[in-house]
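**Student:** My numbering puts the sequence shown at residues 234 to 391.
Treat the hints as calculated values from the structure; they're not laboratory data.
Among the hints, erroneous ones may be present.
[Claimed, not checked] Quick list of the computed label-pair ranges, beta carbon to beta carbon:
1. 319 with 277: 19 to 27 Å
2. 370 with 276: 31 to 39 Å
3. 310 with 278: 17 to 25 Å
4. 255 with 326: 15 to 23 Å
5. 274 with 374: 30 to 38 Å
6. 373 with 275: 33 to 41 Å
7. 375 with 321: 34 to 42 Å
8. 259 with 381: 35 to 43 Å
Remember, it's a predicted structure, so these values are computed and weren't measured experimentally.
Glycine included, each C-beta is placed from N, C-alpha and C at the ideal position.
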Amino acid sequence: MNQIFKAALIVLFSASAASAMIVCEDGKVISVEDGATFTILTPNNRLYQVQLYAVEAPRRGQSFARESRDVLSRMILLKNVRVWVRDEFPGCRLVGHVSVDGVGLNKEMVASGWAWYAFGDVAKNPENSSILEAQQSAIRQNRGLWLAISEKPSLPAK
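Starting from the given sequences, assemble the full structure and let the hints guide the process.
**Tutor:** Now the structure itself:
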């Protein structure tokens with residue numbers, strides 16, 4: 234009985250440790266779809282589509298979509314990035330915080346004014362407060378898409 238209890242504890246703590254681990258994917262950006270979505274090729278030749286966590290940007294067909302995509306492209310196209318994965322979906326799609334050359338892209342795209350914070354109440358998600366602060370600064374300083382509009386762009390219909 235004692236051995237069964239020990240085995241159960243080992244399994245329990247192993248599962249807890251595994252769920253607490255942060256998963257990272259490194260890769261080279263090979264294409265940029267919009268101002269918050271791009272594709273990486275990992276060193277082991279896996280392709281992942283990556284979405285910036287807590288960030289949205291204009292999509293194809295919306296105002297400023299090309300400008301937003303071009304800004305992100307200049308920052309990351311053909312560069313190596315690191316993705317701290319928050320969610321993974323079927324079809325090799327990752328959602329996460331991304332950095333290139335030590336710069337956090339999620340916050341940087343919002344700070345540039347070419348993307349916006351899209352995750353809801355910061356009180357429930359305090360790790361996103363710096364992204365929201367970056368957006369407030371971009372709005373005050375009329376950067377990017379905030380130059381031409383006075384309120385948050387509407388999300389595209391799904």
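**Student:** Determine for every hint whether it applies to the structure shown.
**Tutor:** Against the structure, the hints come out as follows:
{"no.": "1", "hint": "319 with 277: 19 to 27 Å", "verdict": "holds, 21 Å"}
{"no.": "2", "hint": "370 with 276: 31 to 39 Å", "verdict": "holds, 36 Å"}
{"no.": "3", "hint": "310 with 278: 17 to 25 Å", "verdict": "holds, 19 Å"}
{"no.": "4", "hint": "255 with 326: 15 to 23 Å", "verdict": "holds, 18 Å"}
{"no.": "5", "hint": "274 with 374: 30 to 38 Å", "verdict": "holds, 35 Å"}
{"no.": "6", "hint": "373 with 275: 33 to 41 Å", "verdict": "holds, 39 Å"}
{"no.": "7", "hint": "375 with 321: 34 to 42 Å", "verdict": "holds, 37 Å"}
{"no.": "8", "hint": "259 with 381: 35 to 43 Å", "verdict": "holds, 36 Å"}
Checked against the numbered hints above, the structure breaks none of them.
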